[in-house]
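Full structure from sequences and hints, please.
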Amino acid sequence: MYNARMTSLHIRINISERLLLVLSGIILIVSSTSCSLDWETNVESGNRDGVLHYGNGDEPQEIDPHLTTGIPEFSIQLALFEGVVSKHPSDLSIQPGVAESWEISEDQLTYTFHFRDNALWSNGDPVTAHDFVYSWERALRPELGSLYSYMFTYIRNADKFFKGEIDDFNEVGIKALDARILQVQLKSATPFFLQLLDHHSYYPVHPATIEKFGGMIKRGSQWSRPGNFVGNGSFVLKEWKLNRILTVEKSPTYWDRDTVKLNEIRFYPISNRSTEERMFRAGQLHLTNRVPNEKIAWYRKNDPESLNITAYLGTYFYRFNSKVVPLGDARVRKALSMSINRPQIVEHVTKGGQLPAYTFTPPNTDGFTSEAHVKYDIEGARKLLAEAGFPDGKGFPKLEIIYNTDESHRMVAIAIQQMWKKALNIDVSLANQDWQVYLENESQGNYQISRAAWIGDYLDANNFLDMWLSNGGNNRTGWSNQEYDANIAAAAKTPDKQERFRLFQKNEQILIDESPVMPIYTYTRVFLISPSLKGWDENILDQHPYKHAYLQSDEQ
Amino acid sequence: MIKFIALRLLQAIPVLLIVITITFALIHAAPGGPFSAERAVPPEVLEALNAQYNLDDPIHVQFFIYLKNVAQGDFGPSFKYTGRSVIEIIAAGMPVTFELGLYAILIALILGISAGILASLKPNSLQDYIPMSLAMTGICLPTFVLGPLMVLVFAIWLEWLPVSGWGYIPGDKILPSLTLGFAYAAYIARLSRGGMLEILSQDFIRTARAKGLSTAAIVFRHALRGGMQPVVSFMGPALAGLLSGSFVVETIFQIPGMGRYFVQAAFNRDYTLILGTTIFFATLIIIFNLLADIVTIWLNPRLRDSSNSNN
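If you read the sequences in order, they're chains L and B.
Read in order, the letters of the first sequence correspond to residues 4 to 559 in the numbering used here.
Read in order, the letters of the second sequence correspond to residues 655 to 965 in the numbering used here.
Calculated from the structure, these hints are not laboratory results.
Using N, Cα and C, we set each Cβ at its ideal position, and we do this for glycine too.
Derived SDA-like pairs (lysine to any residue); straight-line CA-CA distance at most 20 Å:
1) L:Lys-298 x B:Phe-798
2) L:Lys-163 x B:Ala-694
3) L:Lys-326 x L:Asp-516
4) L:Lys-509 x L:Asn-484
5) L:Lys-244 x B:Asp-826
6) L:Lys-241 x B:Tyr-822
7) L:Lys-401 x L:Asp-332
8) L:Lys-166 x B:Pro-697
Stretches of chain L that chain B covers, calculated by requiring three or more beta carbons in the stretch to come under 8 Å of a beta carbon on chain B:
9) 62-70
10) 218-228
11) 236-247
12) 275-282
13) 436-449
Shown next as structure tokens:
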């Protein structure tokens, strides 16, 4: 017994020693790396070398400007390409791009662009009008499968070419009069046409490179890989490691290279908000894509300098399916929309500085602000519901709100569920669905109430209002109104801004009266930004031409 | 033994076929498709895309085309990441996931086995309770809690280690490996304690004690081999789970491994990538289970004899 206890003690020491060895090994590794306790953070080295470290949300699907639809992709394309025109970094007014000047005919149907002679591709070739004709034909070829072909719908015969009704691209209103003059003819006056030209679907691609890697309509060609890539933007692709990093460096051939101050931008595909926030806190990023909701209050209080909240051209709303009972009744839809307390939702649920939305088009969209708006009026809502045959919510069928799986959508839905119960005494249930299931159900009209969002592609109220055309692909509510359709058609033919706005005002009023959708809030972009990043002006599209950005730490 | 291995490898073929068939059927039955988007997709485009990826063929034709291609080693292009083949994506993520898995399993084995032996030597004493309650905490604490917690302490407060990355800054591999390793160390600790306790109570150990061998000799020369059997049989599924389940750790630490494709591809309805990763992980699981069985047989003389006599 005595002996056994002794050996047990012996082995305990023995094993403890081994454990100690392992532990000290671990400590050794840790301490060897902590020699670099004072290592330079990305932000510090970036400030010194002019390298911007950019948290960019997701891994880009592709950087070919005619194949992508996402914002992470666009953030990169904005560095790699330049359109015929570009935008001012803060007021978003139209600025020269590849074209140094342009004329618009009196009837506003013909645009003639004069290209600058020093616009070059990154391989040294001049950027010509012919390159744009080639690129826009490519974007319009259905075989390529560009999801943004509808951006070209304003150009004469573009739709017909896309639908295969005409085969000859010469019949489309896009012509190169010579290497440096591009002429575009429109179907009808389109006051926001110049706005579109800065969208990635209108960016040019280098024809010889496209042809070298499989031709105009080849999807998934290798032309956009480092080494193959040719672009005309202020930066050029340097490296792209899947799911790791995409780096662009200052282009030596860009015409306005003297304005460009950054030497490199490194885009990190970080899909997890919390990870991104921790990386920012540790000085690994200058800029994040988002901020976790629960962290916003902390930054507001402790580090307001790093927190950026700006209004964003997007509306968070619910669709009502007009094909189902009782949502076919405009009174019911209006009652539902009138009885939610929007300020409470943005203050207590979303908490990201969002603005309560009482109209569908965000306020001050290129000068347009709707005069009509939803009133928060519980009594009025109860009256409307009673008129529709549901006094005090009696006999109201149980409806369901669908939303794609996401914590913040769930919270908003719960808040609305409770508001309706309290105000109208009606019950709704909630159903979260996988993104694809949700999309399928919504597009098939297989829902009653569904969460939705719309982010503007260009700065014009038309981009929001033409969604609710009777045959609009994005309508999906089953609602239609002839007067509404006629107003949109009339606005599209009206060059006069005030007259267009008058037509839009009418439509906003129809949207309030009939309430096919219930606007909830206007989006904000909430992100973290290092104080050393300058020239990053706030704007409603959250679009930042990189040539104006620079890094300057306060110590310098 | 060779016959045993050959037989098991042959069995793997129908298993993989079944896995492919079920996965194929499930992903095509799921609502939505790789090209559905929030913005309405023009019918002309949808038609062109479906034609390009053979999605307009009848489903059984698609299935046989796919099988034929797979048999030739072609897993097709990814639907979401245009221009990247499934093989390219797997090849980019696999070494990272393997490396992470290797470090994690080493940490798990070293910590787990040490704690398990320690506990089994003096059952129901503090020497047992402390490591075992630590192990229980490890089992209960999910990686998505432990990971951010470790980052907070070691990266943000103490500033000893980087918050994220994989091979970008020296030391950035430590926290993810520890996070993933701890969860498995806990299981291994409990398994090795159980295995050791059982062996230590057997007659041959008593004989060894009676011969006057030291406890160290008994543990390392006699008991460990038998006591580790539960750990070894756990290693097959553990390795597979470690590799396919590294998604959470990869996300927390921003690691460009395979785990995220396994999950993201399903959300994106990236049919070829779902199938590719599923086949890849199924093959791994089959191989690891086979290896674990071989080691188990090798460790246990009774099984070894029976497998020989059967053959």
